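S.K.: Produce the complete structure using the sequences and hints provided.
2 protein chains.
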Amino acid sequence: MAEPVCFHLVRDLPAFKEGDDLVGMILERFPLRDGDVVCIASTVVSKSEGRTRRLEDYTPSSRSMEIAERLDKDPRFVEAVLEESQEVILESPFLLVATRFGHVGVNAGIDLSNVGGERILLLPEDPKASADRIRRGLQNDCAVIVTDTSGRPFRCGVAGVAVGWSGIAALRDWRGERDLEGRELEITLEAIADEIAGMANFLMGEAGGGTPVVVVRGLSYPKSGGGIFRPRELDVIRARLQESESRS
Amino acid sequence: MAEPVCFHLVRDLPAFKEGDDLVGMILERFPLRDGDVVCIASTVVSKSEGRTRRLEDYTPSSRSMEIAERLDKDPRFVEAVLEESQEVILESPFLLVATRFGHVGVNAGIDLSNVGGERILLLPEDPKASADRIRRGLQNDCAVIVTDTSGRPFRCGVAGVAVGWSGIAALRDWRGERDLEGRELEITLEAIADEIAGMANFLMGEAGGGTPVVVVRGLSYPKSGGGIFRPRELDVIRARLQESESRS
Chain P
1 MAEPVCFHLV RDLPAFKEGD DLVGMILERF PLRDGDVVCI ASTVVSKSEG
51 RTRRLEDYTP SSRSMEIAER LDKDPRFVEA VLEESQEVIL ESPFLLVATR
101 FGHVGVNAGI DLSNVGGERI LLLPEDPKAS ADRIRRGLQN DCAVIVTDTS
151 GRPFRCGVAG VAVGWSGIAA LRDWRGERDL EGRELEITLE AIADEIAGMA
201 NFLMGEAGGG TPVVVVRGLS YPKSGGGIFR PRELDVIRAR LQESESRS
Chain Y
1 MAEPVCFHLV RDLPAFKEGD DLVGMILERF PLRDGDVVCI ASTVVSKSEG
51 RTRRLEDYTP SSRSMEIAER LDKDPRFVEA VLEESQEVIL ESPFLLVATR
101 FGHVGVNAGI DLSNVGGERI LLLPEDPKAS ADRIRRGLQN DCAVIVTDTS
151 GRPFRCGVAG VAVGWSGIAA LRDWRGERDL EGRELEITLE AIADEIAGMA
201 NFLMGEAGGG TPVVVVRGLS YPKSGGGIFR PRELDVIRAR LQESESRS
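Protein chains in written order, with the UniProt record's numbering: chain P, 1 to 248; chain Y, 1 to 248.
It is worth saying that the hints were derived from the structure and are not from the lab.
Source: prediction; values computed, not measured.
Please note that the accuracy of each hint is not assured.
Claimed, not checked - Just a sample of chain Y residues kept apart from chain P, beta carbon distances all over 10 Å, derived: (1) C6; (2) D20; (3) R33; (4) R54; (5) T59; (6) S61; (7) D72; (8) Q86; (9) E245.
What the hints assert, rightly or not - Which chain P residues face chain Y? A few, computed with CB under 7 Å, are given here: (10) V5; (11) H8; (12) P153; (13) C156; (14) G157; (15) A159; (16) L171; (17) E190; (18) D194; (19) E195; (20) G198; (21) R230; (22) V236; (23) R240; (24) L241; (25) E243.
Heads up, the beta-carbon is just placed ideally off N, CA and C, and yes, glycines get one too.
M.R.: Spelled out as structure tokens, the structure:
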């Protein structure tokens, strides 16, 4: 039986705060090997990067107040979401936006859990840069995936996705590959970083903080490839939603 | 270090055809244990269930011919898609439908690869029932997930998803759980069957047929829970898309 691909939980990590040496804390607890894929929850990346904010730090614009009223949310929270966004896709019944780094998510992925009080936790400003920086700090030739959870159209529940990655292709490119009958594959791009991030998210536990780092060992993967956020001009569904929004 | 969760590829499976004993072929090649999650590509489930069709078996309706012309597709293929669908969500620039069993996918998940000639491969008629039947055939207390690949709005590439499951909850329910600060989690449902299916799909290889069965060992999971296909009345994005479709 060939070697399996195994997901290892990195246990006993502390609660993270700004300035914490995330890489050091991982290396102390888990002996990495070349080729490992280190999956890290965006929450701990954000905390170590000081992305916690206080609601009182935000002064709602009139638009934030309008949206907040419609959604029955704190206008300062809505202001925070808009400040993290490059574009609003839906204003109601939930606030679906594209973040400045291109990820489409409800409330720009801003987390109210595991922060407490009047505080919120933003996603990393540039999760791909965070993944690059973390990877450079590792003593082995590993890949890094920064994970978040995201809802999906058409399907119930949230699932883990990759918001940042380094040392691994977010997309595996099958172009030119042929199926068993020798015909070219119709499907040419596979979102492998999301496929890994989803399973890592399962093992981290949605309750977050629990086990925010999972290491995947024994996996073969392409090291470079395209990005995973669909460019708006290539996203038919996003365009249709924005049309419908502008009409409403 | 706690035991990892490991994905094992079930190697040397033959090409499947109608009537093949899928369960027997798996058991011959891989010694299952209680608690294993057996992930099986929908393509081999469909083949063993005789879901291969010939395009010549379909007589296109006028609607199929209209759609086919707009999409520059074979009207018999479009007819096959419509016959597998309960509802069309988008007619162009691709044909997005809800299948009779509730899964939303392009072309009703009908596969042109790995079939050959003028043939197509439909998804299993009821993948959940397929998963139940397969699970009953296993000699251990295992879970079964039937996987397919699916595109996603907002993100590039396809990823593996669960279209059928048995002996495992498609959704983990976190309602009532609290975060590290003791506040109720905002996110209450996690699509764990999709998270597993995605990673299994990565290991199966999009080129299909390759390794269509992957066994996950060492995982703790809830055995029962809700379904994963979002009911249309709870799917804001689906409703908006259908509005936009009816306008166009």
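S.K.: Determine for every hint whether it applies to the structure shown.
M.R.: Checked hints:
1. The claim that C6/Y is not at the interface with chain P is violated, since a C-beta of that chain comes within 10 Å of its own (minimum 4 Å).
2. Listed as a non-interface residue, D20/Y keeps its Cβ farther than 10 Å from every Cβ of chain P; the least gap is roughly 15 Å.
3. Distance check for R33/Y against chain P: the nearest CB is about 13 Å away, which clears 10 Å, and the non-interface claim stands.
4. Against chain P, the non-interface label of R54/Y holds: every CB pair exceeds 10 Å, the least being about 15 Å.
5. Listed as outside the interface, T59/Y is consistent with that label: its C-beta sits roughly 24 Å from the nearest C-beta of chain P, beyond the 10 Å cut-off.
6. S61/Y, annotated as away from the interface, keeps every beta carbon of chain P farther than 10 Å; the closest lies near 24 Å.
7. At the 10 Å boundary, the C-beta of D72/Y stays outside the reach of chain P, the nearest C-beta of that chain being 14 Å off.
8. Q86/Y, annotated as away from the interface, keeps every beta carbon of chain P farther than 10 Å; the closest lies near 13 Å.
9. E245/Y, annotated as away from the interface, has a beta carbon of chain P within 10 Å; the closest lies near 8 Å.
10. Contact between V5/P and chain Y, as hinted, is supported at the beta carbon level, the nearest pair being about 5 Å apart and thus within 7 Å.
11. With a least beta-carbon distance of about 5 Å to chain Y, the hint placing H8/P at the interface is held under the 7 Å criterion.
12. At its closest, the beta carbon of P153/P sits 4 Å from a beta carbon of chain Y; the interface hint therefore holds under the 7 Å criterion.
13. The beta carbon of C156/P is positioned within 7 Å of a beta carbon in chain Y (closest approach about 5 Å), and the interface hint is therefore held.
14. Proximity of G157/P to chain Y holds as hinted, the smallest CB-CB distance being about 4 Å (cut-off 7 Å).
15. Given hint, A159/P at the interface with chain Y, holds; its Cβ is 5 Å from that chain's nearest Cβ, closer than 7 Å.
16. The interface hint given for L171/P holds, since its Cβ lies 5 Å from the closest Cβ of chain Y, which is under the 7 Å cut-off.
17. The closest approach between the C-beta of E190/P and any C-beta of chain Y is roughly 5 Å, which is under the 7 Å cut-off, so the hint is satisfied.
18. For D194/P, the interface hint holds, the least distance from its beta-carbon to any beta-carbon of chain Y being 5 Å, beneath 7 Å.
19. A distance limit of 7 Å between C-beta atoms decides the matter here; for E195/P the minimum to chain Y is near 4 Å, and the interface restraint holds.
20. Below 7 Å, beta-carbon pairs count as interface contacts, and G198/P has one with chain Y at about 4 Å; its hint therefore holds.
21. Annotation: R230/P was flagged as interfacial toward chain Y, and the flag holds, the nearest CB pair being 5 Å apart, inside 7 Å.
22. Taking 7 Å as the C-beta cut-off, the interface hint given for V236/P holds, the closest approach to chain Y being about 6 Å.
23. The restraint placing R240/P at the interface with chain Y holds, with a minimum CB-CB distance near 4 Å, inside the 7 Å limit.
24. For the restraint placing L241/P at the interface with chain Y, the shortest Cβ-Cβ distance is roughly 6 Å, inside the 7 Å limit, so the hint holds.
25. Look at E243/P: its Cβ gets to within about 6 Å of chain Y, closer than 7 Å, so that hint holds up.
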